Amino acid sequence: MYFESVSDALLMDGHGGFVWSAYLLTALVLTLILLGPRIKERKILARLKAEQRRNNTPVQGGEVESNAPGS
Amino acid sequence: MWSFFHKLGSPPWLYAISGTLLRWLLPLTLVTLLVALFWGVLYTAPDFRQGNSYRIIYIHVPAAVVALAGYYVMALAGAVSLIWKMKMADVAMKACAPVGAALTFIALLTGAIWGKPTWGTWWVWDARITSMLILLFLYLGVVALYEAYDNKAAASKACAVLSLVGMVNIPIIYKSVDWWYSLHQPASIKFTGESSIDPSMLYPLLLSIVAFYGVFTCALLMNMRTEILTREARTGWVSRLFEPGRS
Numbered sequence: 001m002y003f004e005s006v007s008d009a010l011l012m013d014g015h016g017g018f019v020w021s022a023y024l025l026t027a028l029v030l031t032l033i034l035l036g037p038r039i040k041e042r043k044i045l046a047r048l049k050a051e052q053r054r055n056n057t058p059v060q061g062g063e064v065e066s067n068a069p070g071s
Numbered sequence: 072m073w074s075f076f077h078k079l080g081s082p083p084w085l086y087a088i089s090g091t092l093l094r095w096l097l098p099l100t101l102v103t104l105l106v107a108l109f110w111g112v113l114y115t116a117p118d119f120r121q122g123n124s125y126r127i128i129y130i131h132v133p134a135a136v137v138a139l140a141g142y143y144v145m146a147l148a149g150a151v152s153l154i155w156k157m158k159m160a161d162v163a164m165k166a167c168a169p170v171g172a173a174l175t176f177i178a179l180l181t182g183a184i185w186g187k188p189t190w191g192t193w194w195v196w197d198a199r200i201t202s203m204l205i206l207l208f209l210y211l212g213v214v215a216l217y218e219a220y221d222n223k224a225a226a227s228k229a230c231a232v233l234s235l236v237g238m239v240n241i242p243i244i245y246k247s248v249d250w251w252y253s254l255h256q257p258a259s260i261k262f263t264g265e266s267s268i269d270p271s272m273l274y275p276l277l278l279s280i281v282a283f284y285g286v287f288t289c290a291l292l293m294n295m296r297t298e299i300l301t302r303e304a305r306t307g308w309v310s311r312l313f314e315p316g317r318s
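Order-wise, the sequence lines are chains A and B.
Letter by letter, the first sequence follows residues 1 to 71 in the numbering used here.
Letter by letter, the second sequence follows residues 72 to 318 in the numbering used here.
Hints in this document: simulated from the structure, not taken from any laboratory.
There's no promise every hint is true.
What the hints assert, rightly or not - Taking CB as the label site, the calculated pair distances span:
1) B:Trp155 / A:Lys49: 30 to 40 Å
2) A:Arg54 / B:Lys156: 31 to 41 Å
3) A:Lys49 / B:Asp249: 51 to 61 Å
4) B:Arg120 / A:Ser21: 29 to 39 Å
5) B:Lys223 / A:Leu35: 24 to 34 Å
6) A:Arg47 / B:Leu277: 40 to 50 Å
7) A:Gly14 / B:Leu105: 22 to 32 Å
No experiment lies behind these values; they were computed from the predicted model shown.
Note that the Cβ used here is the ideal one computed from N, Cα and C, for glycine as well.
Using the sequences plus the hints, can you model the full thing?
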């Protein structure tokens, strides 16, 4: 560890506010782009599942992408 | 080789393989990111001229590098979707835009925060910063253009054209620090010739760049998954995801 103490690491000779706020904001944005799609996917899956249970009729056919031979 | 290319065009295959990949890549990326940032922030010596403020480099440079690389991915996916009408390339292009925008935003934001103690100002209209701002607008432009069209085929064509035209900006960003002398320092890491950065600072920086590539890949794949599910909601393979025994 380069810094002598925790308060040293927080202050960084006066640059601490800049450095830590930059890291905090970055962490915020990264959390947003990593967590956002995950929550969205869960919601879509839950909605589709509920829809399917309501209809309780299997979807016709097993269409997959036409340009995917052998799949 | 060709069968792999064909599989890439198959939504069920892409959905399944991205799920497996994410299960490994996401935790690995987060661990790498934490190690790189702790290393950079707490275990390196301060810069002899800038002091401790330089520690912002461990997020600023990786975010900028990957924001640029992400643009190549988006433009390439746009080209593939434009030329071969490949639907999954279109999905990839659309998924790239918000992630690229977020990384560009991080680069600009941390750059501003770094600029204050180092240059004495949050913002200057120099070539590097202005061209990065244009990159942000290009990414946001693709996001907005997609939403602006009701006809999704037309939307994808317009976005592909926009992202390809925007490629002009990329070499300008790269070369801006050499062409116009300004406050922004030139690149410290070089593929050819000696890097002007000490190895003790270089290694955590490289590790952080790797981690940011991981973050980009994970976010891209997750965006693609939601897009695939939305587009394919009425098909058989999606409804089979909920069959008993497949949670």
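Hints, verified against the model:
no. : hint                           : result
1   : B:Trp155 / A:Lys49: 30 to 40 Å : holds, 34 Å
2   : A:Arg54 / B:Lys156: 31 to 41 Å : holds, 35 Å
3   : A:Lys49 / B:Asp249: 51 to 61 Å : holds, 55 Å
4   : B:Arg120 / A:Ser21: 29 to 39 Å : violated, 22 Å
5   : B:Lys223 / A:Leu35: 24 to 34 Å : holds, 26 Å
6   : A:Arg47 / B:Leu277: 40 to 50 Å : holds, 42 Å
7   : A:Gly14 / B:Leu105: 22 to 32 Å : holds, 26 Å
Checked against the numbered hints given earlier, the structure breaks only hint 4 and satisfies all the rest.
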